[in-house]
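Residue strings, one per chain:
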Amino acid sequence: MTAGGQTGQSTVQPVVHGGSAAGGEAQREDKALDCVELRGVGKTFTHGRESRQILADVNFTVRQGEFCAIVGASGCGKSSILRVIDGLLEPDTGSVRVNGRDVSGPSADIGMVFQQFNLLPWKTVQENIMFGLDSLKLPKAVKRERCQHWMSVVGLAEWSGHYPHQLSGGMQQRVSLARTMAREPSVVLMDEPFGALDALTRRFLQQEVVRLWQEGERTGILVTHDIEEGLLLADRIFVMSANPGRIAATVEVPFEHPRDEALQATAEFAEMKEHIWHLLTAEISKASSYVRSRSGPA
Amino acid sequence: MTTSDASQVTSRRVAPRSSTRSRGRDPSTMVWALRIAVILLVLAAWQATAASVGADLLPTVQSVVVDGIPPLVTEGYAVEFGHTLGRMMIGFVIACTIALPAGALMGASKVWNDVLTPYAYGIYMAPRPALLPLLILTFGVGATFGFVMVLLFAVFFPLINTAKGASEVVNGPLYEMARSLQISRIRVLLFVLIPGSLPYVLAGIRLGLGMAFNGILLAELWTAYSTGGLLEAMVSYGQLPEYFALAGLIGLTAVASYSLLGVFERRVRRHRGMAVTGSFGEAS
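Quick mapping for you: the protein sequence lines, in order, are chains A and B.
Mapping of the first sequence onto UniProt numbering: position 42 corresponds to residue 42, and the numbering continues sequentially without gaps.
Mapping of the second sequence onto UniProt numbering: position 68 corresponds to residue 68, and the numbering continues sequentially without gaps.
Please note that the accuracy of each hint is not assured.
One side only, chain B facing chain A, incomplete, derived with CB under 7 Å [as the list claims (entries may be wrong)]:
| # | residue |
| --- | --- |
| 1 | A108 |
| 2 | V111 |
| 3 | V115 |
| 4 | P118 |
| 5 | M177 |
| 6 | S180 |
| 7 | Q182 |
| 8 | R185 |
| 9 | I186 |
For the record, the hints were derived by calculation from the structure and aren't laboratory data.
All C-beta atoms, glycine included, are put in the ideal place defined by N, C-alpha and C.
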């Protein structure tokens, strides 16, 4: 994780850029370090005769080693962006590049952690992690070694022979995290990975993720609707608008790691949270009036 | 592992046992006790009815046990029923051989689902007994006719359930996860699609087996062939104890095979951490 800045007694002035490519993104000069790059991405879903534009002209870049969060209201297309980056969803317009290559489908470079864990219920912890390594052209001994390593990292070595239904939600999500990380992708996408967990387990796993990021040079994109989570984990936060989804603003997070409960209690943290909240509510209100104007008078 | 994780896992394991103890009564024991009570009630009602209408119309329970059961072995009725079961199983295997791949295709492909669904429901909704004369003319009155009847009766549930199971997997999160991990098609089939849809497939097979019993007996009763012929002859010649004993054997065999498959299905569900109750037509 890159250190975004410093905390202090003075009031933090949030650095906010507009959502377009000509805005904040253009100001950055370290283009060579761009790891994930979305340009003019649009996506429309069609169900029968009805079609709905989910994403429109989505532009952003994420630097190598950076951890970014995407926050937005439910249904604004946050998860669709991750699926586009992962190659699970093909955009109708625009381009997606990861590590300088166009994304045409899932690749070993990108790993995804899902909200609902998506573990195979008929496989044990160890088998689930090994399943993740299945498509990698590695000797079996290396796969086994990686599996053991990541089971230890996430603290589940003793539970290797257990099935998912014998584990708590937090443990299942750690298996899911280990399955993704064992593939050693350079980009890790996380789709509300803590959304289904209780507050205590969520906080613990957030700290685990921070620790994992501090240990390796990975790029991360986290989708969340929890502003605090974004502020605790990310270097930058992309605020999304809805109907259709696009990046409305980019907020630089100025706090250094570790970001703990003490930081959450500061006025600066509250101010940042409030600021992002205002950005979000403004976008939700714009989206609602857009929907109302499209649907006509009641 | 965190304390909260450990406590969650521990409480999950301990809770069911303690709740059972606190009630002081095992629900499954009560269910079995009630089932036996229902059987005893039916037998008592049978006995009372037999006593009032006379043995020519309805033999008593003792008469069925004493006069009806021994001939199942001595007269070879049970062996004949074994042959019927063999033909039913052949027809049922043919039905499953068609239904499972076709169902998987329907579940995995929207196009094939749209193509095959009208035929599947056509087979189910069609008044099959009305087709009997045509089928007899086409296939004769022997074993082939039995196979065809079993096929027609039993193919629907394995087909539709397999399609449903495959569709749930293909449109579900596990399939997306496998795609994201770039798992090969054959491994997705072996390790995601088949195990994921197995509980649905087993439920379909169980329901299909019940229909197979119906199909083979209807075919043999219509053509007075094998077990069906025996049942007809027993009624015609007034051998009612033998008739009830043979009908009881058929019923018990059907219920036993249905229950055995149910036990297997529940084991599979439990092994996969899936809900044990709730599948259509399931008895616990």
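Taking the hints in turn, this is what the structure says about them:
The interface hint given for A108/B is broken, as the beta carbon of that residue sits about 17 Å from the closest beta carbon of chain A, more than 7 Å. Given the 7 Å rule on beta carbons, the hint for V111/B is violated: about 16 Å separates it from the nearest Cβ of chain A. Proximity of V115/B to chain A is violated relative to the hint, the smallest CB-CB distance being about 19 Å (cut-off 7 Å). Below 7 Å, beta-carbon pairs count as interface contacts, and P118/B has none with chain A, the closest being about 19 Å; its hint is therefore violated.
The interface hint given for M177/B is met, as the beta carbon of that residue sits about 4 Å from the closest beta carbon of chain A, less than 7 Å. Contact between S180/B and chain A, as hinted, is supported at the beta carbon level, the nearest pair being about 5 Å apart and thus within 7 Å. A hinted interface residue such as Q182/B counts as satisfied when its beta carbon comes closer than 7 Å to some beta carbon of chain A; here the least separation is about 4 Å, so the hint holds. With its C-beta approaching chain A no nearer than about 11 Å, R185/B sits outside the 7 Å limit, and its interface hint is violated.
Nearest Cβ of chain A to the Cβ of I186/B: about 11 Å, over the 7 Å cut. The hint is violated.
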